[in-house]
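Novice: The chain contents come next:
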Amino acid sequence: MTDLVQIFVYGLTVGSVLALVALGYSLVFATSRVVNFAQGSMLVVGGFVAFAVVRAGAPIWLALPIATAIGALVGVAVHLTAIRPLGKFDPASSVGWILTTFSASLVALDLIKMTVGAEPRTIPSLLNSIGGWKGSTISGIPVSPNDLLIVASALALMVVGEIVQTRTMGGRALRAVSQDPAAASLMGINTNRVVMTSFAVAGALGAFAAVLLAPRLFVKFDNGLLLGIQAFVAAVIGGLGSTRGAVLGGYVLGFVGGILRVTSSSGGQIEPLVIFVVFLLVLVVRPNGLLGAPVIEKA
Amino acid sequence: MSLPTRIHLPSWATRAIAPASLFLFLFWYLNGPGAQRSWLDLGVEATYLAAIALGVNLLTGYTGLLSLGHAGFFVVGGYVGAVWAPAWGVSPWFGLPAAFVAGAAMGALLALLCCHLRGFYLTVVTLAFGSLLPALVVVLKSALGGTSGRNVTKPIDVSILPFANGDSYRGLFVLSTIVLFATLWLCRNLVHSRWGRASMAIRESELAASSSGVETYLHKVSAFALSAGIVSVAGVIAAERFLLVSPSAGGQDQSFRYVIMIALGGLGTLAGPIIGAFTLTFGFGLTWVQEHLVNQQNLVFGLLGLVGVALAPEGTMGNVNKVLAKLRHRQRKDASSPVTAVTAAAYTLPVRAALTASGPPALELSAVTKRFGGVVAVNDVDLIVEPGEVHGLIGPNGSGKTTLLNMISGITPVTSGRVMVMGHDDTHASAPKRCGRGVSRTFQNLQLWKKMTVRDNVLVGCHRNLRVNTFQAAFGTHGAHKAERAAVQRSDELLALVGLSARADDLAGALPFAEQRRLEIARALAASPSLLLLDEPAAGLHPSDVHRLLDLIGTIKASGVSVILVEHHMELLMAVSDVITVLEFGSVIAEGTPAEVQNNPAVVAAYLGVEEDVA
Amino acid sequence: MNNETSRRQFLTWAGRAGFGGAALAVLASCGKSGGSNGASNNVSSGSQSSSGNGFKASGDTLKIGIVAPFSGVAAFVGRIVSNSLDAATAQVNATGGIGGRKVEVVKRDTGTDASAGVKAYQAMASDKNIIGILWAGSGLDESRAQIARDNMPVISVFVDLWSAHQLYPATKERSIFQMIMPDRMALDLLGQYAKEDRGYSKAGLIYDSLISPSAKDYFTEAMAKHGLATAGIETYQLNDADFGPQVRRLQSQKGQALMIWGLAGDTAGIVKQIDKVGASYVDTPTAKGASWRPQILGSPGGTGEHTWADLAGSSAKAGTLTAWHVGGLNYLPSFAISGWMKKYLKKSPTGGEESPADGMYTLLKAVEVAGSTDRQKMISAIETMGEVKFASTPFSYAADRHLSKQMDDLILITLERSSGPVATSPAYQLGQEWKDTYTAGYAGPTHLVRPTLEANKRAHPDVMDEVLRLGYGTQCTKHADGTMTNDCKIH
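Chains as they are written, first to last, in the numbering used here: chain A, 1 to 299; chain B, 1001 to 1615; chain C, 2001 to 2491.
Hints listed in this document are in silico derivations from the structure and should not be mistaken for laboratory results.
Small disclaimer: the values here were computed from a predicted structure and weren't measured.
You may find that some hints are simply not true.
With the C-beta cut set under 10 Å, the calculated list includes, among others, these residues of chain C facing chain B [what the hints assert, rightly or not]:
1) 2075
2) 2119
3) 2214
4) 2290
A virtual CB, placed ideally from N, CA and C, is assigned to each residue, including glycine.
Throw the hints in and build the complete structure from the sequences for me.
Specialist: Laid out in structure tokens, this is it:
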């Protein structure tokens, strides 16, 4: 029973952590078919900006919107410098975007290093108590208000993402561009603007996630790279380009990690091996990820 | 000034180029910069990285499959070639071929797992493959030596090589350079062969490649295997360089570096990977940055990356090729070459034997049905195409004509029913298999390989006729050359037939629309079909071009090839068809001679009556 | 077999941690050729054995090569190295240089790429003005064969060769020396401390299997040596987001001490998790009590610097954590490097700065003693010159000991928050080590030294006297019967 609770707590929290980051990858991939390797550095930018704002004396609730806004600006900057100059290209066979998105993240990280610093930092938790509840244990497994906030945010963002995509003009434009950029463009949709918006939203999401995750992972340079890549795997398993998929992928990885760690003290060591197998199984059965839309190819 | 598109040298000279340049390069480097040991070591690294880049380029640049996990094969090569093979008691020299075989086998295995995936998903599997190594190091600690790797205890005695002067540093450079030249030679042969053209065809349009008889899945596996084998051999040299095989060399950072080298130099070119590898290894300017701007170096490298790609999106060679293409274009404008058109009558198409009226039908469909989910696209269709017959297929848009063609050519599997081609049950045969049986097609939405030349497009059409296997192609054997020459001649004849001789060396994407349509027909004919499927060949054509098409179909028919013609252009259809089948909502509503069909009231109601709306 | 022992430090592994590794570091290390600076490079390929340049006229600079990660995940190591050497060279040059010659440091970046380290070595080996190399990055393994052939003096700082039996005389490369404290020795000492000084009977371990894959072996060895029972061995990977499963298993085993081997951020995460399950360490009696309240022991990389306490926030309670340390005392007046950094760079040390500076001085002193930059003569000088003092505590090498540190050089410290103890349950009683009167300006935690005075005083009595005199820590004494003095302010 305790094991089961532990697996659930681990799976839900770690899964939500990954899901929050994975959403950014998915969104950008949906519109541009590009994997934004600078997405991880959005976490770093957001985290350190929030830290700088808090250090300047502002409360964390003010730091959150500021960091999110700057994350969005950085997203736009990445689009303008790394994607726009490439013109029209096929991401599957042209590889310049790998180089440019990496380059953009190098620049972003160095700018943060020069302005805020590179030491690991901590920022206050967004939520210390819910109605006086400051955390408790369920059969010995601790749960804190911030953990609930992480899980709730991941699910809420997924729902909001779905609603925006299906119910709003902007969301419909996004889906149109995602399914057939050429046709969308013929229909008068400004594809460039849609793609740029997706980069902006992804940047904002990254910064938002960084603030949310700080109580668990702190504000560190490593977060961008390590968490970024794990989240990318989550996005792929769930189906790149799908909001629901990103969240599902996060939970798949979270629960796989939870089960491995609960059953063995060296579970973390064989995790990459197990994830590879899961990965292959998923892609053999569903080549576009669990919830990814198939790429339509015309004869 | 004339810039020949292909340089024709006597064969002895062609054969001497590689060894001579190898000799000159070794002589220059070892007596020049390589006299200093640090340069010698840089030379080793640059040469094996260049070999790696060439290998990965076969997969990523030519076949269009992006791998971000090839550094894994680098480590596999090191273990197999430099540690395990010598431990079995064989000469350390055998480590090189052993590494190639082991790497190729693993590459093939990985490919079998992931080649059904499309686009970036395949890449992601390679990425995951690359991350396996750290996990394997933990699991197989004793075999792999843990995180610190295994020492090379029996190194290859490279000091006996020519130019080495008994020095192992020089010897390793000689070995590495030989491997680079050998790789370059292999890649050059492959790229200009049946193998390379098929690769590029897959890259440009997998659908068309498959319909032209390329076994795309197997071909992708072979590309994976070849590139992995080459990277593995480089891994042996790196192991000899460090006298250590370290799993740390297999991280994705290295795999990314391979791709970045190619991206810098030029994807899908032979010179590009070498330029990229040498630039990255001998980056003096960057060394300056590193020494003087240690704290801002990521900023500088990042900006360089952004600016570099913006200036040369297709790499250095991409820009070079653009300039060359411009020069050639100008030159062609100056010299108007006379077009030697082969008149239709003067040319007989090469066709397969056993095409006689008494033989089995070219095609026989029995109760063929196709459902997409709940929608029935083709419903219970029976159709017989006799040898030498031109069989028209008409029907309103959405009546299932293209779906039917897709099922005949093997692109779309049937839901139920039977497909007999030349008397064989091919219901479950793949597109390449049917191409081998003699089914060949064109596409309504053109599926040309736009970044390949017009001639190469037709040569891929000859894929199945060109009996050259990958080994013959790689080593450029006499037989391969002979077959290649025959295929080129054949292609040029077909191009003459469709009036495209003058455009043979242009990129297919540069042709005007009508010529692209004719090129598709030439490509389809190159497969020596018994049954040719033409999907709306007249769509979008000028009336004069339609006339030309009419003649062409006549010639095809005259040579005994059966034709299924899907067409909205009634005049054309009525003029050339022997039999016409009319489809509506996926079912056959009429069949007969043009005259019979024209007078069939059901047809008139369903189709002819609304012709204006359709057009 | 030697090579079956995992020995690589985290520098080589950090890059590949997690699912993907240091792809980011790629660009940074792309093109880091070490293409030798052609102008100053006249050495022919024949000079492989030993470049006898002689001790030439003053005016020539003495160049020291430094191979370190200035980019990528391990860049913080590069920052420590940079600060240390910039301050130390400024000091040496300001006081007249070595034999009238100025000292210059040539830095080369390895990122996390071993081949970048090899290239850096190649370039340095052919620069005649480079008298020796400080190694703090990747590629030392890959360069060993060539270092041996060149007989190049190399001081390993932040690469731990000794622990894996990879340092002379265990192996043949005689020109390599190790400056930093080896992990194996440190775990040995922590085991001894847990058993002898605290009287614990069982201890657990949680370690980063990517960064310190060998911690488990050294831990097991130390447990056996000191007669301690093992209370669980757990692994995690750099940047894990949740330590719940591991902490729960450790809790069920009830070890009185828990060793953590990893980086500061993860240590903080583990400490927070322990706090969440209500198992914070309070004092030795509670650690030995029925419920699980382990005292945490660790290494300075993950625990000794104040970073972990900052990150862990209110979970970092007084006395929570004890680490072996030398560099943690960098703020003491007797640790000169701290003064130099303030003087020349206007910076404070973060921990670890003493090693690169002392490593560099080893090479400079060797030139002075040998009266030559001949490699063989320098190596002999290092082996015979006896005790040296420069940036921190004195150290020495010997012909049969290429490791600067010995067991007695280790100083154990317990970390506290400078802001005072956080409320604990049961209530914190014993310690009053934190004092608002600490006016030295150090913002980090305060320190407690090892309870056995002799143990910490053995090698560095001056340092210990200073600690006590300035009030940076307290000292307990163990009676012959094993009990502690009553007034001992230990946790």
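Novice: So, for every hint listed, does it hold in this structure?
Specialist: Do the hints match the structure? See the list:
1. With 10 Å as the threshold, the beta carbon of residue 2075(C) comes within range of chain B, its nearest partner Cβ sitting at about 9 Å, so the hint holds.
2. At its closest, the beta carbon of residue 2119(C) sits 7 Å from a beta carbon of chain B; the interface hint therefore holds under the 10 Å criterion.
3. Restraint check, residue 2214(C) versus chain B: the minimum CB separation of about 8 Å is within 10 Å; hint holds.
4. A hinted interface residue such as residue 2290(C) counts as satisfied when its beta carbon comes closer than 10 Å to some beta carbon of chain B; here the least separation is about 36 Å, so the hint is violated.
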